[in-house]
Amino acid sequence: MSENTKQNYLNHPKGIMSWLMTLDHKRIGLMYLFSGILFFFLGGLIALVMRFELAAPGNDIISNDVYNNAYTLHGAIMIFLFIIPAIPGALGNILLPLMVGAKDVAFPRLNLASFYIYSFGALFAMYTIINGGVDTGWTFYTPYSTQSTSNVVPMTLGIFIIGFSSILTGLNFIATIHKMRIPGLTWYKLPLFVWALYGTSLVQITATPVLAITMVLLMLERFLGIGIFDPALGGDPVLYQHFFWFYSHPAVYIMILPAFGIISEIIPVHSRKKIWGYKFIAYSTLSIAFIGFLVWGHHMFTSGQSVFSQIVFSFITYFVGIPTGVKIFSWILTMYKGQVSFTPPMMYALSFLFLFTIGGLTGIFLGAVALDIHLHDTYFVVAHFHYVMQGGTIVAFLGGLHHWWPKSFGVMYNQTVANIAALGVFIGFNGTFFPQFLLGLRGMPRRYATYDEQFVELHSYSTFWSGILGISIFIAVMNLFWSFIKKNKVDPGSNPWGGMTLEWTHTSSPPHPHNFEEDPVLQHGPYDYDKVIVEKTYKK
Amino acid sequence: MSGHDPNSPRHLKHYFHDVNQQYETSKFAMWAFILTEVLTFAGLFVAYIVYRSWYPDMFIDAHKLLDVNKGLMNTIVLITSSLTMALAIWAIQKNNRKLSVLMLVATFLFAFVFLGIKYLEYSHKFEVGQLPGEFYSYMGPDAVHLNNPHIFFSIYFIMTGLHGLHVAIGMGLIAWLIYSTYKGNLTSEYYTPMEMIGIFWHLVDLIWIYLFPLFYLIG
Amino acid sequence: MSEHHITPLRTYLIIAATLLFLSGVTVWVSYVDLGALNIVVAMLVATLKASLVAFFFMHLLWDDKKNLTMFLMSLMFFGIFVTITLLDTEFRGDLGLNPETKDPINKRAAFYDTLPLTDTHGHPVDEHSDDHHEDKDHH
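Protein chains in written order, with our numbering: chain G, 111 to 650; chain C, 30 to 248; chain E, 137 to 275.
Just so you know, the hints here were simulated from the structure itself, not pulled from any lab data.
Check each hint, because a few of them may be wrong.
Taking beta-carbon pairs under 10 Å as the criterion, some of the chain C residues facing chain G (in silico) [as the list claims (entries may be wrong)]:
(1) Thr54
(2) Tyr80
(3) Gln122
Bear in mind that the values here come from a model prediction, so they are computed numbers and not experimental data.
Ideal Cβ placement from N, Cα and C applies to all residues, glycine included.
With the hints as extra help, turn the sequences into a complete structure.
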């Protein structure tokens with residue numbers, strides 16, 4: 111390494127404007143990361159308030175109206191401001207060009223623009239909170255959303271704007287993956303995280319425009335009474351649900367596919383074994399992205415859609431299980447006979463496997479029409495999607511942060527604390543959400559601030575463990591940031607986990623402002639642990 | 030690996046290897062953008078199809094309230110503008126800057142005419158009260174029997190309105206193209222923006238090709 | 137850049153002429169009563185026109201096939217959206233289940249009851265006079 115290594119993207123160039131106007135994908139990724147974590151904490155705080163309200167029946171802390179606002183804001187903030195932009199925007203931005211050996215994404219200006227569009231949309235969402243909230247649920251179902259006097263318009267406007275940011279990021283990534291790879295880096299030599307981002311981006315550019323037009327139609331319904339979604343004007347509220355879920359079901363895969371990508375990176379590296387079934391994982395990503403467009407009606411089994419379409423949706427829904435199962439088995443087979451080390455990223459990856467499998471399997475329950483009619487809008491659904499979204503995506507996101515933290519910042523966190531926090535997340539999560547499956551099966555409906563006496567026990571368990579979960583996540587994130595303050599630097603040339611992808615082997619930690627000091631030349635595949643030995647440089 | 034030497038073309042961004050990679054990347058991204066555009070309109074087409082199948086008679090009778098001649102005129106104007114746009118690119122490829130500017134100006138004017146005709150149509154609809162949603166008030170003898178014609182006009186106004194917005198945005202982009210071609214910033218060596226905006230402009234034409242029969246020519 | 141395909145001028149002119157001709161054809165056909173076939177013919181002509189625009193004006197014919205794939209993908213997802221939505225909206229109340237969902241929307245919106253009758257210029261007319269001639273109106 112030359113003396114040039116002292117220069118990295120964090121310290122060069124300097125000055126606040128060099129950050130605000132940066133075109134560097136790594137800096138933009140960091141800005142996404144910090145805003146994402148901010149909204150994560152905000153959404154999490156709202157969740158804890160709700161959980162403590164539910165610790166006992168009756169309105170102990172907040173009124174019904176405030177509770178309605180709380181679950182709407184929790185959902186909208188977590189989904190539109192954190193999960194959807196966070197992984198592609200933060201980790202995707204930092205890693206994608208490094209992984210394909212490019213100097214930057216295909217359109218750096220567009221990349222910066224999409225960050226500012228996201229911030230601008232977030233302002234509307236924040237205005238909604240200051241101005242008294244919105245109480246329709248994050249789905250904005252008509253006809254209530256056309257009548258509610260709460261801040262439906264600023265919130266939908268915010269979501270409309272954030273949609274553009276999502277589209278532009280997707281466009282940018284697709285162009286980058288198609289056109290910016292270094293020579294020799296063929297599709298089957300791409301890291302699986304890149305495949306995951308590719309699938310995600312395809313869904314982003316395909317589904318998000320429909321969300322945009324849905325939000326426009328909703329606003330027009332409010333302003334002009336266009337009658338398309340309003341039964342009083344000859345319209346059909348179920349059509350709104352079709353429009354909404356045509357985006358929002360694929361959006362579930364916008365949230366989970368990058369998480370799959372992270373897990374596909376963490377597991378082979380920390381098991382020091384070639385990934386099992388590379389092509390299976392790659393193609394299952396694409397097939398999940400595609401099948402995701404065919405199943406939106408399973409959110410609408412009780413909405414009065416035709417029985418024929420219910421059967422079709424239910425039938426197709428099961429197909430999602432196939433590529434997902436392929437992935438789970440491939441990851442497990444990757445670990446088989448590998449040198450599994452229980453590093454913090456691996457702890458999160460293992461949690462992910464367990465939690466996501468439960469989330470996925472309960473999804474199969476909910477995909478069956480007959481069962482879903484009983485479980486619809488109960489805590490079973492709440493538990494299911496938290497197992498997928500939090501147990502899946504957020505756990506994978508935390509794992510990814512721990513995995514690439516030394517790469518992105520050149521510092522190493524305290525691994526013992528990180529491991530304890532990871533364990534706390536796992537236990538706290540199960541403690542919070544497993545009782546909710548039981549609550550749902552026993553008929554506890556979602557979106558109520560109070561409940562019947564018979565649910566007290568399970569609700570109080572859930573609340574207790576949610577506190578542990580919250581504290582653990584807080585510790586995990588603070589532990590990461592503490593390493594930054596403590597300046598526990600790793601050697602710039604280091605490769606702490608022995609990763610084989612370009613971001614580990616060809617650039618310093620933290621990376622050079624232009625990513626690579628010289629154009630990287632591909633020497634081996636992303637997971638060739640059977641052919642090449644890459645040393646782990648970090649010893650405990 | 031060119032692109033790092035000082036002799037590389039001015040318009041080549043440092044993170045691309047060569048001009049061809051840059052051109053192909055822009056063009057591919059433009060097509061991805063076209064995909065998002067098509068799907069934006071897709072939502073509205075779905076609304077159209079669903080409501081047409083629910084209200085077949087109302088759609089047929091309500092469409093008679095639209096002016097076919099103005100619709101046809103706009104079709105001709107827009108197709109011609111597509112031709113002039115394509116010719117502007119052809120001219121710049123042949124390095125004929127003057128002709129290219131001329132063709133762009135023609136495209137701009139045709140777009141202006143399109144919006145002008147649209148304005149006449151809209152203002153007539155506003156006058157007689159054939160308006161979207163609750164603002165609908167037209168109960169003339171040819172419409173009094175119709176079942177919820179406001180839905181037809183809601184969809185008509187939203188679809189043609191969104192299309193009109195695209196025409197207006199296209200005009201802004203073409204104005205910028207005229208300026209930069211006139212200034213000599215675009216040449217046969219580098220005309221990527223014109224190619225991109227051309228694709229956008231043809232998309233506007235392409236959507237109108239469907240809107241025209243769906244609204245003005247229902248059997 | 138010079139290796140880009142340059143479409144000959146003749147091609148552009150022929151395509152534009154064809155497009156204009158087809159526009160005339162589709163208007164003409166719409167006045168011929170073909171029943172349900174009218175919409176089919178109109179859409180076929182529109183699709184033919186759209187393909188001409190896409191392949192020649194938008195250069196898809198000579199482009200990298202990835203671009204064509206993107207375009208076709210957009211049509212495919214549009215097709216999915218329409219088809220699956222229609223599986224619901226066309227079959228409401230099927231199997232005799234939930235028959236009340238079958239025609240929920242054919243009721244006339246309430247605001248029509250309060251609207252006065254108008255002439256073809258949108259001006260309210262006296263409900264009792266049964267003539268609504270255009271010629272009586274202002275110019």
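(Q) Tell me if the interface restraint on Gln122 of chain C is satisfied: Cβ within less than 10 Å of some Cβ in chain G. (A) 22 Å, violated
Q | Interface hint status, Thr54 of chain C versus chain G (Cβ within 10 Å) | A | 4 Å, holds
Q | Interface restraint verdict for Tyr80 of chain C against chain G (beta-carbon cut-off 10 Å) | A | Check passed: Cβ of Tyr80 of chain C comes within 7 Å of chain G, closer than 10 Å.
Going down the numbered hints, you'll see the structure goes against just number 3.
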